[in-house]
Structure formats: C-alpha cells, structure tokens
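Novice: Listed below, chain by chain, are the residues.
There are 2 protein chains.
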Amino acid sequence: MADGLGDKLAAPIVARVALIGLGLIGSSLARVMRRKNIAHTIVAADASEDVCARVRELALADDVTTSLEEAVRDADLVILCVPVGASGAVAERIGPHLKAGAILSDVGSVKGAVVTAVQPHLPEGVHLLPAHPVAGTEYSGPDAGFATLFLNRWCIVTPPNGHTDEQALATLVEVWRAAGSNVEVMAPQHHDLVLAITSHVPHLIAYNIVGTADDLEQVTESEVIKFSAGGFRDFTRIAASDPTMWRDVFLHNKDAVLDVLGRFNEDLAALQRMIRWGDGQSLFDFFTRTRAIRRGIIAAGQETAAPDFGRRGSGE
Amino acid sequence: MADGLGDKLAAPIVARVALIGLGLIGSSLARVMRRKNIAHTIVAADASEDVCARVRELALADDVTTSLEEAVRDADLVILCVPVGASGAVAERIGPHLKAGAILSDVGSVKGAVVTAVQPHLPEGVHLLPAHPVAGTEYSGPDAGFATLFLNRWCIVTPPNGHTDEQALATLVEVWRAAGSNVEVMAPQHHDLVLAITSHVPHLIAYNIVGTADDLEQVTESEVIKFSAGGFRDFTRIAASDPTMWRDVFLHNKDAVLDVLGRFNEDLAALQRMIRWGDGQSLFDFFTRTRAIRRGIIAAGQETAAPDFGRRGSGE
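Residue numbers (this note's numbering), protein chains in the order written: chain A, 1 to 316; chain B, 1 to 316.
Take these hints with a grain of salt, some might be off.
[Said to hold, decoys possible] From chain B, some residues computed to sit far from chain A (all C-beta separations above 12 Å): (1) A15; (2) D62; (3) H97; (4) H121.
[Said to hold, decoys possible] Not the full set, but computed from the structure, chain A residues with beta-carbon under 10 Å of chain B: (5) V14; (6) H40; (7) D50; (8) D76; (9) G85; (10) A135; (11) A196; (12) V224; (13) K226; (14) R237; (15) L258; (16) F286; (17) R291; (18) A300; (19) D308.
[Said to hold, decoys possible] In silico DMTMM-like pairs for lysine to aspartate or glutamate, Cα to Cα no more than 20 Å straight-line: (20) A:K254 x B:D285; (21) B:K254 x A:D279; (22) A:K99 x A:E57; (23) B:K36 x B:D76; (24) A:K99 x A:D63; (25) B:K99 x B:D165; (26) B:K99 x B:D63; (27) B:K8 x B:E49; (28) B:K36 x B:E69; (29) B:K99 x B:E57; (30) B:K254 x A:D285; (31) A:K254 x B:E69.
For the record, the hints were derived by calculation from the structure and aren't laboratory data.
Ideal Cβ placement from N, Cα and C applies to all residues, glycine included.
Can you build the whole structure from these sequences, using the hints too?
Specialist: Here it is in structure tokens:
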C-alpha cells in the first residue's frame with residue numbers, strides 16, 4: 001500500500017495484545033497493529049475515561065476499558081505506553097493478573113529504571129522485555145498517533161541481564177519489524193547512555209534555550225517569535241514535547257544525563273573561550289567537523305535531505 | 001502565481017542593482033529580483049571564477065563578473081552578500097567606484113560590526129543601509145538559492161545612527177517587500193542582541209551538542225546516527241550551516257553572544273540542579289512554560305504546525 005507499511009500479515013503474530021496508555025505511542029501502536037494484522041485482538045486500557053471515550057470514537061481497538069487488571073487478563077503481549085515514572089505503579093496493579101508465558105514490554109525512553117521498577121511486581125513465568133521505539137512527534141494524545149510513526153525508525157529492545165527468553169524475544173522483534181521498525185538489541189544501561197546523547201540532553205538544552213529567550217528582558221517575546229526563523233524555531237519543536245514524559249525521563253535517567261551534560265558544558269566552555277579570544281581558525285575547524293554527522297544521518301535514512309526539513313509552507 | 005510571490009511589478013523599483021557574492025542569499029535575491037521585476041538590470045559579481053561560471057549557466061543575472069569595481073559602477077543599489085568578516089575589505093575595494101546617491105546595503109547576520117567596517121570606506125553621498133533577511137537553509141552556494149527564500153520571512157533594516165536618508169530607506173523597504181518579506185527597522189545594536197538569542201546562540205549550542213556526541217567514546221558514531229530521531233537530528237540541521245559564515249558571526253557579535261550565552265549557562269545550571277536533586281515539580285513547570293512559545297511562532301506564520309516539521313518521508 002501507498003503508506004509504505006506493505007501488505008497485511010497472513011496471520012497475526014500474537015493472539016491478544018493489551019496496550020496500557022493510549023497517548024501518541026500507544027495509539028500509534030493500536031493503529032499499526034490493526035493495519036498490519038499484528039494481533040488478533042487489541043485491548044486498549046487507559047486510566048482516563050476521556051481517553052477511553054476518544055479511543056472508542058476512533059475505533060482503535062476491539063475492547064476499550066479503564067480497568068488495567070481486566071485488560072491484561074489472557075493477554076499474550078502487554079505493552080506499557082505510559083510515562084516512565086508510572087511504570088512501577090502500573091506493574092504493581094497488573095502483575096497478579098498477568099497470565100503465565102505472557103510478554104510484558106513497554107515503550108519508555110529510559111530502560112534501566114523501568115527494569116528496576118517493574119521486575120519486582122512480576123510473577124514467575126512472565127517475560128519482561130522492555131523496548132524503546134525511537135520515534136515520536138511533539139504532539140500528545142490518542143488523536144496525535146498514526147500508523148506509520150515507527151516506519152524506518154529504530155526500536156531498541158533491552159532484555160534485562162540473564163532474563164532473556166529466546167522465544168519471547170523473537171516474538172517482540174517480529175512485532176516491531178511488522179510495525180515497520182528496524183530492531184536493535186542492547187543492554188538497558190547502554191541504551192540509557194546512548195539516548196542521553198541522542199535524545200535526553202538535546203531535549204534539555206532545547207527546553208533551556210527557549211526558557212532563556214523567554215526571560216530576556218531586553219528582547220520582547222514578539223521579537224523572539226518574529227525572528228525565530230534564524231534558528232531558534234528548530235529548538236521550539238522538541239521543547240513543545242509532553243512535560244510529564246520529559247520530567248520522568250530526567251528523573252529516571254539522572255546519572256547518564258548528568259554525565260553527558262557535564263561533557264556538553266565542558267565543550268561549550270571551550271567554544272565560549274574561542275569566541276572571547278577571537279580564535280577564528282578553531283571555530284572554523286569545529287564548525288566544519290560537525291557537518292559530516294548530518295550527512296551520515298541523511299545517508300542512513302533517518303532524516304530528510306530537503307532544505308529546512310522540507311518545511312516550506314509555514315505560513316505561506 | 002502559484003509560488004506565492006504574486007504578480008511581477010509593473011515597473012522596476014531600481015534601475016541597476018549589483019549583487020556582490022552569489023551564495024545562498026545572493027543567488028536567491030537574483031532569482032526573486034528577476035521573478036518580480038524588482039530591478040531593470042541585475043549585475044552579479046563574485047570573486048570566484050567557478051561561482052561566476054555557474055551563475056552564467058543558471059542565467060541568474062544580466063551581467064556576471066569577477067570585477068567588483070566594474071559591477072558597482074553606475075549601480076543604484078549595491079547589496080553585499082558576503083560573510084560578515086569580508087564586508088570591510090569589499091567596501092574598501094568598491095568604495096571609490098560607487099556612484100553618488102547609490103544605496104549600499106548588505107545581508108549579514110551581524111549589523112554593528114558591519115557598520116563599523118564599511119562606513120569608513122564610503123564616499124560622501126552614498127547611503128549606507130545595512131539589512132538582514134532572517135531566512136536561510138543549511139545549504140550554500142548559487143545552486144542552493146530559490147526565489148521564495150524570503151517569502152513571509154522578516155527582513156531587519158538597521159540604519160546607522162543619524163545617517164538615514166528617508167528616500168533611500170523607502171526604496172530598500174520596497175525592494176524587500178517586493179521580495180515577499182515583512183520589514184522591521186531597528187538600531188544595529190538591538191538587532192545584534194535579538195539575533196544573539198534567536199539565531200547565534202542556538203547555532204552555537206547546536207554545533208556544540210553535535211561535537212559532544214562525536215567525541216563520546218562509549219557511544220559509537222553509528223549509534224548516534226541510528227538513534228538520532230530521538231531529538232538529536234533537529235540540531236544537526238543548523239550545525240551543518242556554512243562554517244565561514246558562522247565563524248564570522250561569532251567573531252563579530254562577540255559581546256551579545258557572550259552575554260546571552262552567560263544567561264543560557266546560568267539557566268542550564270538551574271535545570272541541572274533540579275535533575276540532580278530530583279525536583280520533578282520544577283522540571284514539569286519549566287517544560288510546560290516553554291510549550292507556549294512554539295504556539296506563538298506557529299500562530300505568527302513563522303513555522304509549520306505539521307508534526308515533526310512535516311518531514312515525513314525521510315528515508316521512507
């Protein structure tokens with residue numbers, strides 16, 4: 001089909017999947033699972049009555065419920081699509097109701113803390129296999145999702161040390177591949193360091209520069225907005241992401257974030273010094289080196305080569 | 001016409017324009033001036049033989065020459081489209097050849113330093129009117145330009161104190177409006193502060209985070225590239241901008257950049273402390289506040305509301 005996701009599967013990979021949390025990621029999963037016939041039955045559970053009502057209107061699942069316990073009963077695959085900080089409490093509620101042999105996964109942006117919070121609540125025979133689809137937009141909620149969100153993006157699966165069931169891993173990998181993702185397997189701790197540099201610290205400094213601009217007395221908000229096409233507006237996109245999700249990311253990946261942030265600060269101090277002392281050659285060399293990485297990202301299909309992200313049309 | 005630029009002008013605004021430097025901005029100006037009939041005759045001058053050859057192939061101007069002196073002779077409007085650091089030397093070369101009553105303008109991202117560098121080389125009767133179109137892409141050179149680059153973007157005109165000829169100002173404003181821009185007039189020093197926050201410091205921290213990622217030994221370049229969709233890739237776009245241009249910006253807007261960077265560092269230290277001490281409420285409040293600015297930018301027509309800059313299709 002024209003959406004790039006290819007044909008429906010001849011047979012579902014799992015019989016019954018329960019998605020807990022129907023925000024951007026959960027609702028996108030529901031959509032692509034239906035679109036590709038990944039699961040025979042999709043159960044959607046969300047603690048919010050409003051979200052459940054909207055999910056019913058959008059017809060995203062076969063069953064929709066506010067009862068997490070009911071949702072996971074008989075499910076072969078349960079995917080937590082909630083902010084990282086909520087994972088432990090949700091696991092505590094659903095743990096006793098999970099069926100033997102079920103796979104429990106999630107989509108959180110932090111993995112070490114999820115393993116620590118979730119594992120104690122799981123009965124014997126349930127396979128914990130955390131995962132993180134590196135995909136998203138700056139929008140939130142069940143209306144923001146779409147079936148191609150994961151297409152050509154990477155999903156990182158992070159089996160907790162010594163707890164990998166090969167069959168469960170194969171099933172989860174198959175699910176994400178069917179959703180259009182490439183899959184990589186790594187340890188939770190390594191994931192947390194990689195994402196600190198590719199996602200968490202970039203979000204932090206984006207939030208920060210937007211805050212700095214907002215506080216600058218000599219420059220009006222109207223001026224910041226008018227002249228944002230000079231570069232600033234690129235930062236505002238990720239600084240518009242869901243505050244709850246990002247609060248939880250920083251609270252639960254503290255060590256790696258502070259480590260990478262320390263290096264960022266060191267490097268920035270060096271650039272600051274080059275500017276103060278007028279060291280044009282070092283600035284030029286530095287700015288030349290950073291060009292190469294973008295070419296790599298475009299070549300790897302993770303970014304558009306179109307100028308300005310191809311976003312002609314803002315206001316035009 | 002469908003490009004949004006509207007009809008050609010019935011009569012040109014200026015008889016003869018000379019564009020010095022045919023990179024992204026100069027070549028875009030040549031294109032929109034032709035497209036809109038802004039100038040009767042367009043002369044393109046570039047010190048590089050290769051650039052001149054390409055400008056001839058693309059038929060961007062009526063005359064193309066490597067002689068800056070020849071280009072400006074008899075020109076009513078001369079626009080320097082060179083890196084900020086080259087403005088003084090170019091002004092020194094062309095100064096004696098400018099005709100009385102001519103307007104000398106530029107497109108540099110720094111304005112105070114341009115006034116200082118250019119003014120001493122101008123004969124009596126030439127009107128210096130620096131300007132800065134806040135528009136661009138991460139690409140460089142005459143092939144990167146396009147006629148709609150300035151459409152719905154802002155152009156800031158910065159008359160040097162006490163040297164504004166009203167007729168010259170009206171003409172330059174008319175030229176930029178015809179190119180599709182909105183025009184704002186402000187003092188050079190205020191421009192430099194506004195752009196430090198909306199453009200220069202954002203570029204610096206984008207270059208910096210890309211450098212930090214490149215240096216991180218525990219994370220491979222391949223991992224940075226694969227998982228860049230988590231936010232990092234947004235920064236690589238502006239970190240791929242022209243190194244010469246950006247070296248010159250930082251060397252020539254040192255005070256404002258260091259001032260804004262000092263505030264950025266203070267603010268980042270506060271966020272760092274919230275993370276270290278697990279202050280979730282303050283993080284949440286901060287991340288909520290920064291969402292509003294993006295809504296303002298979208299409402300002002302300076303940005304697309306489409307998720308992910310509307311860049312679906314990278315690699316798909």
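Novice: Does each hint hold? Answer for all of them.
Specialist: So, going through the hints one by one against the coordinates:
| no. | hint | verdict |
| --- | --- | --- |
| 1 | A15 | holds, 30 Å |
| 2 | D62 | holds, 27 Å |
| 3 | H97 | holds, 29 Å |
| 4 | H121 | holds, 22 Å |
| 5 | V14 | violated, 26 Å |
| 6 | H40 | violated, 28 Å |
| 7 | D50 | violated, 19 Å |
| 8 | D76 | violated, 28 Å |
| 9 | G85 | holds, 8 Å |
| 10 | A135 | holds, 6 Å |
| 11 | A196 | holds, 9 Å |
| 12 | V224 | holds, 6 Å |
| 13 | K226 | holds, 5 Å |
| 14 | R237 | holds, 6 Å |
| 15 | L258 | holds, 6 Å |
| 16 | F286 | holds, 6 Å |
| 17 | R291 | holds, 5 Å |
| 18 | A300 | holds, 5 Å |
| 19 | D308 | holds, 5 Å |
| 20 | A:K254 x B:D285 | holds, 18 Å |
| 21 | B:K254 x A:D279 | holds, 11 Å |
| 22 | A:K99 x A:E57 | violated, 29 Å |
| 23 | B:K36 x B:D76 | holds, 18 Å |
| 24 | A:K99 x A:D63 | holds, 18 Å |
| 25 | B:K99 x B:D165 | holds, 16 Å |
| 26 | B:K99 x B:D63 | holds, 18 Å |
| 27 | B:K8 x B:E49 | violated, 31 Å |
| 28 | B:K36 x B:E69 | violated, 26 Å |
| 29 | B:K99 x B:E57 | violated, 29 Å |
| 30 | B:K254 x A:D285 | holds, 18 Å |
| 31 | A:K254 x B:E69 | violated, 60 Å |
Hints 5, 6, 7, 8, 22, 27, 28, 29 and 31, counting from the list given before, are not met by this structure.
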